[in-house]
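> Now for the letters of each chain:
Number of protein chains: 2
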Amino acid sequence: MTAAKPYALSVKAVVCDVQGRCLLLRRSTSSKANAGKWEFPGGKLDPGERVDQALEREVAEETGLTVTVRRVVGAAESELAERKIAYLILEATCGTNEVILSEEHDRFLWVAPDSLPNIDLSPQFRPFAMIYAQRLLQRE
Amino acid sequence: MTAAKPYALSVKAVVCDVQGRCLLLRRSTSSKANAGKWEFPGGKLDPGERVDQALEREVAEETGLTVTVRRVVGAAESELAERKIAYLILEATCGTNEVILSEEHDRFLWVAPDSLPNIDLSPQFRPFAMIYAQRLLQRE
Chain A
1 MTAAKPYALS
11 VKAVVCDVQG
21 RCLLLRRSTS
31 SKANAGKWEF
41 PGGKLDPGER
51 VDQALEREVA
61 EETGLTVTVR
71 RVVGAAESEL
81 AERKIAYLIL
91 EATCGTNEVI
101 LSEEHDRFLW
111 VAPDSLPNID
121 LSPQFRPFAM
131 IYAQRLLQRE
Chain B
1 MTAAKPYALS
11 VKAVVCDVQG
21 RCLLLRRSTS
31 SKANAGKWEF
41 PGGKLDPGER
51 VDQALEREVA
61 EETGLTVTVR
71 RVVGAAESEL
81 AERKIAYLIL
91 EATCGTNEVI
101 LSEEHDRFLW
111 VAPDSLPNID
121 LSPQFRPFAM
131 IYAQRLLQRE
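Those sequence lines, one after another, are chains A and B. Going by this note's numbering, the first sequence opens with residue 1, and the numbers climb by one from there. Going by this note's numbering, the second sequence opens with residue 1, and the numbers climb by one from there.
Isolated chain A (complex conformation) (with noise of 0.2 Å):
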């Protein structure tokens, strides 16, 4: 048995507009892992950070957008060379939805959450997107 990997923590958000449509990151071609493929805004907290203050602050600086975080929704894991990354993520919802991007991504989109299986995601986010629409679908 070999000794398990370090996790790390990072939160993602489900950034929904006031129309229910999610936002949706491309991954710039200069990224080192999953280059091209959508994500989720978000990233990992600072210490000492609480979950809704590091997504709030990660979605700032990722989209430009203001958000309120609403709700846990999910969770994913990646695995690199040397640790995994757990993923917590969160439902929020924004007033506006005029996106800046950072230089991390390239294009976003605004998508219906029941097409979330249709799109291009980083792997690890294709489990969550699944039981995401789906759970959205079982709620109309």
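Treat the hints with care, as some may be off.
It does not matter which identical chain is used: a pair holds within one copy or between any two.
To be verified - Straight-line C-alpha distance at most 20 Å; calculated DMTMM-like pairs for lysine to aspartate or glutamate: (1) K5 with E98; (2) K37 with E49; (3) K5 with E49; (4) K5 with E91; (5) K5 with E56; (6) K44 with E82; (7) K84 with E56; (8) K5 with D120; (9) K32 with D120; (10) K32 with E49; (11) K37 with D120; (12) K37 with D106; (13) K5 with E104; (14) K44 with E79; (15) K37 with E103.
Don't read these hints as lab results, they were simulated from the structure. As the structure is a computational prediction, the values presented were derived from the model and not from experiment.
Following the hints, complete the assembly by docking chain B onto the known chain A.
This is chain B only, laid out in the frame that chain A set:
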């Protein structure tokens, strides 16, 4: 619109034994919330502690078991008067299954994953239990 409540982070473990059964703990009758309901072992992170370190420590404190964290399997949320708790749920394995409870719980139970939806769980873990049971069945 009311101000959003701050989130605290908690890690919970689906501890699996060699037969694939998973461990549930019953909250003591003296518990402030959800007394008598079943839950997964786990708890809050200490300052600076990693997700996997916190999980291994909390499981050891609550069950006496030494576990190895395997993968992220889900998330959940609960709401208190002044804050919310975000739960990141990870699967872990243990070599032995001799459980020694702390005062926080008064019973333990090993159950097959597909029986999880039938257990009287604390309400915040019921949606996760449904999804977890379904995903395991799909693997068979």
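> In ascending order, which of the hints set out earlier in this document are inconsistent with the structure?
1, 2, 8, 10, 13
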